[in-house]
Amino acid sequence: MTRLVYFAWVRERIGKSEEDIALPSSVVTVADLLGHLKTLGEEYETALQYENVIRVALDQEHAEHDEPIGNAREIGIFPPMTGG
Amino acid sequence: MTISPTIRVQREDFDLQTEVDRLTRAEPGIGAIVTFSGLCRDEGGMLAALELEHYPGMAEAEMTRIANLAIERFGLLGLTAIHRFGKIAAGENIVLVIAAAPHRQAAFDGANLVMDYLKTAAPFWKKEHGTDGSAGDWVSAKDADDAARDKWK
Numbered sequence: 001m002t003r004l005v006y007f008a009w010v011r012e013r014i015g016k017s018e019e020d021i022a023l024p025s026s027v028v029t030v031a032d033l034l035g036h037l038k039t040l041g042e043e044y045e046t047a048l049q050y051e052n053v054i055r056v057a058l059d060q061e062h063a064e065h066d067e068p069i070g071n072a073r074e075i076g077i078f079p080p081m082t083g084g
Numbered sequence: 001m002t003i004s005p006t007i008r009v010q011r012e013d014f015d016l017q018t019e020v021d022r023l024t025r026a027e028p029g030i031g032a033i034v035t036f037s038g039l040c041r042d043e044g045g046m047l048a049a050l051e052l053e054h055y056p057g058m059a060e061a062e063m064t065r066i067a068n069l070a071i072e073r074f075g076l077l078g079l080t081a082i083h084r085f086g087k088i089a090a091g092e093n094i095v096l097v098i099a100a101a102p103h104r105q106a107a108f109d110g111a112n113l114v115m116d117y118l119k120t121a122a123p124f125w126k127k128e129h130g131t132d133g134s135a136g137d138w139v140s141a142k143d144a145d146d147a148a149r150d151k152w153k
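As given, the protein sequences belong to chains A and B, one line each in that order.
Heads up: the first sequence runs through residues 1 to 84, numbered per full-length UniProt numbering.
Heads up: the second sequence runs through residues 1 to 153, numbered per full-length UniProt numbering.
If you are wondering where the hints come from, they were derived from the structure by calculation, not from laboratory data.
Heads up, a few of these hints could be off.
[As the list claims (entries may be wrong)] Computed Cβ-Cβ distance ranges for the label pairs, DEER-style: (1) A:T46 x B:D143: 18 to 28 Å; (2) B:E92 x A:R3: 31 to 41 Å; (3) A:S25 x B:S4: 39 to 49 Å.
[Said to hold, decoys possible] EDC-like, lysine to aspartate or glutamate: derived pairs with alpha carbons at most 16 Å apart: (4) B:K153 x B:E72; (5) B:K127 x A:E19; (6) B:K87 x B:D137; (7) B:K126 x A:E12; (8) B:K87 x B:E51; (9) B:K87 x B:E128.
[Unchecked claim] Computed far set for chain B versus chain A, every beta-carbon distance over 10 Å: (10) T18; (11) D21; (12) E43; (13) E53; (14) H54; (15) H83.
None of the values given here were measured: they were computed from a predicted structure.
We put the beta carbon where it would ideally sit given N, CA and C, even for glycine.
Sequences are here, hints too, so could you generate the full structure?
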């Protein structure tokens, strides 16, 4: 199982802040993961519609969409940061 | 000797002078202190508050990474970065960065780099609450912020 954590409008649109899911073996990269999540329901589709703006962190480190997920235990999915 | 930055992510407010004193006490070689405070604007009376959400754990880790980058790049003698979360009313503090160095240019550059990276890489998000009671939109990321960060590369 992999823990997914969502923040800001991604969290609001998906309707939960975290969940544990089993990823199919076809999910290798970050982009594969986003594609897979979009098949899980309308709320995921809406949240991840503009896939190129979605940011992902593997075990709390920023990752590009073409990076392999590897053995990440926690994957954060969120919009571009607006702190400061 | 490598300087360890002071990094805090907290709900409560901070006091600028207290933080400056703490930093300067520890290092008599400091000749320049630059502080940056970010406050919640009222946007011409439209905005009552900002709600700051963060990624616990990752926020501290990213701020530490950014602080260490500035310390190394500019030879800083001290670096403090504090970012608040939760609901912050217009006029209140959001963020504090203090950079200390032997001379002023390194202190200015250090504070500047930390803020440019913090805005684009530290996992914080702002949601607007209007004075009309509306729970409004999430603040959008700005291309100008990315450009500001990229000038340090």
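Quick check: which numbered hints come out false for this structure? 5, 13, 14 and 15
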